[in-house]
Amino acid sequence: MMYQIKDLHLSLPDMTRKPLLGPAPRIEILKGLTFDVPEGAVVGIVGGSGSGKSTLGRAMLRLLEPTGGEIVFDGQTITHLSENALRPLRRRFQMIFQDPMSSLNPRRRVGGIIAGPLRLHGFEGVSARVDEALDMVGLPRHFSRRFPHELSGGQRQRVGIARAIALRPDFILADEIVSGLDVSSQAQVLNLLGELVRELGLTLAFISHDLSVIRRLCSRVVVLHQGVIVEQADTATLFDAPKARYTQELLQAIPLPDPFQKWL
Amino acid sequence: MRDARGDMRRPVGLRLWLSGGWLTLLVAGAIFAPWIAPKDPLMQDLFLGRLPPFWESGTEPGFWLGTDSLGRDVLSRMLYGARLALVVALVAGTLTCIIGAALGLIAGYYRGWPDRIISRFVDIWMAFPPVLFAILLIAVLGPGLWSIIIAIVVIDWTRFARVIRAEAMTQGAMDYVASAQVAGRKRFGTMLTEILPNVLPTIVVLLTLEMGIAVIVEAILSFVNLSISTDSPTWGGMIAEGRTSVHQAWWVLVFPLIALFLTVLSFSQLGEGLKDRFDPVLR
Chain A
1 MMYQIKDLHL
11 SLPDMTRKPL
21 LGPAPRIEIL
31 KGLTFDVPEG
41 AVVGIVGGSG
51 SGKSTLGRAM
61 LRLLEPTGGE
71 IVFDGQTITH
81 LSENALRPLR
91 RRFQMIFQDP
101 MSSLNPRRRV
111 GGIIAGPLRL
121 HGFEGVSARV
131 DEALDMVGLP
141 RHFSRRFPHE
151 LSGGQRQRVG
161 IARAIALRPD
171 FILADEIVSG
181 LDVSSQAQVL
191 NLLGELVREL
201 GLTLAFISHD
211 LSVIRRLCSR
221 VVVLHQGVIV
231 EQADTATLFD
241 APKARYTQEL
251 LQAIPLPDPF
261 QKWL
Chain B
1 MRDARGDMRR
11 PVGLRLWLSG
21 GWLTLLVAGA
31 IFAPWIAPKD
41 PLMQDLFLGR
51 LPPFWESGTE
61 PGFWLGTDSL
71 GRDVLSRMLY
81 GARLALVVAL
91 VAGTLTCIIG
101 AALGLIAGYY
111 RGWPDRIISR
121 FVDIWMAFPP
131 VLFAILLIAV
141 LGPGLWSIII
151 AIVVIDWTRF
161 ARVIRAEAMT
171 QGAMDYVASA
181 QVAGRKRFGT
191 MLTEILPNVL
201 PTIVVLLTLE
211 MGIAVIVEAI
221 LSFVNLSIST
231 DSPTWGGMIA
241 EGRTSVHQAW
251 WVLVFPLIAL
261 FLTVLSFSQL
271 GEGLKDRFDP
281 VLR
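Chains A and B, in that order, give the protein sequences. Numbering-wise, the first sequence is residues 1 to 264 according to the working numbering. Numbering-wise, the second sequence is residues 1 to 283 according to the working numbering.
Keep in mind the hints are simulated off the structure, nothing from the lab.
Capping the alpha-carbon separation at 20 Å, the derived lysine to aspartate or glutamate pairs in DMTMM-like fashion look like this:
| # | chain 1 | residue 1 | chain 2 | residue 2 |
| --- | --- | --- | --- | --- |
| 1 | B | Lys-39 | B | Glu-60 |
| 2 | B | Lys-186 | A | Glu-83 |
| 3 | A | Lys-18 | B | Asp-115 |
| 4 | A | Lys-243 | A | Asp-210 |
| 5 | B | Lys-39 | B | Glu-241 |
| 6 | B | Lys-275 | A | Glu-150 |
| 7 | A | Lys-243 | A | Glu-231 |
| 8 | A | Lys-6 | A | Glu-39 |
| 9 | B | Lys-186 | B | Asp-115 |
| 10 | B | Lys-186 | A | Glu-65 |
Bound-form chain A, shown alone (with noise of 0.2 Å):
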């Protein structure tokens, strides 16, 4: 098992109705969550805004601390973890951000952005890695010397997975990766994430709002409605007989094109 999750709470601060003295009322965010992912899986997990999932991706990861409950890491409990203890299991669980333009440092070039983490670590050969990372994500070399804002948007995700990539973790969370992307870029990057995760056989869980784009992806989904599961099944039983009202209020939701076009 790569996570195994068990009854995760998270409440954060409510800092607009802090009262003048005495501590913040606590808004709750994850209410129990419990599911597995297992190692080479892909999951999908998928709700509406505002739903926790997000909030669920960083907790994972442990940019946020549980208020309750365990995370397990390839058997190594996580929940409450120092930073300095975390440090050296970095390298093994990576991120992909929402949105690259606020996820890449726009003052250090492409290259200096894939290189840090590979420094930090420790790796050799940190330049031929950096290029190798380009050539995995279909970036040709000489961009490493270009700064974020010089590249499309397409483009700069691709550099937000090669830097992900580059530390070859077993695990990775992408975190809407795509809504911020055209419908073609969002094919051409679900096409390479969906490459990369069966040649270098990655465990991915994937965070979209968009079940079409979880059904391209995942193995399992997992339904979440205002931080709680409210279904999860393999992708095939979900969409063909989906239990809990919300799911199929989302499967519904799925916009397909119209077969009597007037307008065309």
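Dock chain B against chain A, hints included.
Just chain B, lined up with the frame of chain A:
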């Protein structure tokens, strides 16, 4: 696949040329003052008092910009005055920048109790009226070069701390900071390698502004005779002396005033010009 993006060079703007040109001239004048000053700036000659600048009638050769009421050469005094102005600008500006920016960066990035302590301190500090505070400080420390520098640093570090704190807070909320944490970078390292390069353009603009402000503060202090010892020529001192005889000898007041104006303007424009030229994101 080769493209020409890397070959694109932005022309060095007029702003950078003019401000850089004047400051270069000033630095050269200040460094070489003992060799290029036409006269001894302290030499008095009552027979040569209030000579007008060279284009008017009744001048003596060698006194290009005229003399003051004690017969001292205005141009030579301005060149020597530039030395103090520039030393104060560079040293006080840089020290203010380092102290203020470091505190602002820590407050804005770490938040929590370091932020609370630093921000409260800044609020209290900014309630003091700055010029009176400076005069009070010099009165306590006694006049001298280091007193001026310390006074400027002590009053003005809050300007940096506030702006850089706000900037660091904005940058700290960006995903590249979370990404550095995912990569396992330590917090202090993230501050230096991820946040600092992104607030550096703001720091540079503020630094050059601060140098201009330092020149003004030095002029104000020497205007009220609280700068270095009274026999060294300073722009503020010349303006104060020129003020008393402005109807008989306007040049004693006007030339140092023009130099002061151009210097402060050049410093502020230099910062903007450098940002336009060297910030990769704007390029």
